[in-house]
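**Q** Sequence:
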Amino acid sequence: GILMVFAAWFDRVGPRSSSLTRGFLIPGAILGILTAPILLAPDFGATAVILAIAGTIFLAAGTRISHLGIGLVAAVSGLAVLILGDAHRLNRVKDFWQGIAGEGGAQAHQTVQSINAFVIGGPFGVGLSNSIQKYRYLPEAHTDFIYAIAGEELGLPASIGIILLFAGILFGGTWIAFHARDRFGRFMGLGLTILLCFEAGFNIGMVMGCLPTKGLALPFLSYGGSSLLASMIAVGLLLNIARHNGLADDQPPSAMRNALRRI
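Mapping the sequence shown onto this note's numbering, position 151 (from 1) lands on 151, and the numbers just tick up by one.
Since the hints were derived computationally from the structure, they do not count as laboratory data.
In silico lysine-lysine, BS3-like type, Cα no more than 27 Å apart, as pairs: (1) K134 with K214; (2) K94 with K134; (3) K94 with K214.
I would like the entire structure built from these sequences, with the hints used as guidance.
**A** See below:
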């Protein structure tokens with residue numbers, strides 16, 4: 001919903017996206033109104049995804065870099081105030097910094113156990129379904145930390161393969177977006193691509209101990225019907241944009257496609 005709001009707004013604004021009022025202040029106010037309830041919930045993961053999508057659309061629409069810089073400073077300042085003003089959030093940040101050293105609370109424990117999964121798996125893994133960490137050593141092994149289990153069981157080929165798959169989605173989605181017939185399709189394509197790839201990148205960074213633990217699933221792989229449904233809808237919308245671009249019809253129909261048409 002938020003993606004469609006910004007895509008429609010910048011499609012309507014057109015070349016005036018570089019102006020301070022129409023290109024930054026008004027959409028920035030809309031962004032603040034839409035994300036404030038989510039941020040106060042608090043759900044920093046969903047807020048980060050929304051900000052990443054919005055920032056990408058702002059940039060693609062032609063918003064000035066100086067305006068985006070002001071927005072970035074405001075967002076970071078607001079985030080710092082929320083973290084420093086709440087002991088629980090501050091402790092989670094401290095746990096993240098202390099996690100690699102083996103010190104800290106539950107969040108550090110998750111990070112350490114996640115990294116241990118890759119160490120146990122080694123270059124080639126321990127074999128499918130032979131994971132040790134998923135048996136109560138690594139919390140949320142089937143959801144947020146499924147990437148660690150894939151690395152433990154299937155080794156480096158699976159770890160790199162998953163990254164390459166999402167890199168392919170990033171390339172393909174960006175290609176579809178920039179070949180869209182109109183600005184709305186371009187912004188929708190970019191937003192959907194960032195939705196999938198930002199979540200994947202954040203999840204992998206979190207599992208590797210590079211980012212704080214946050215409830216962002218790995219699209220298509222983490223357990224959960226809602227996450228899978230959202231990811232499939234995003235891919236379906238991207239394919240629909242490609243179809244209207246004519247990209248899906250560049251190749252002659254295959255024999256299977258002709259057979260399905262006769263049914």
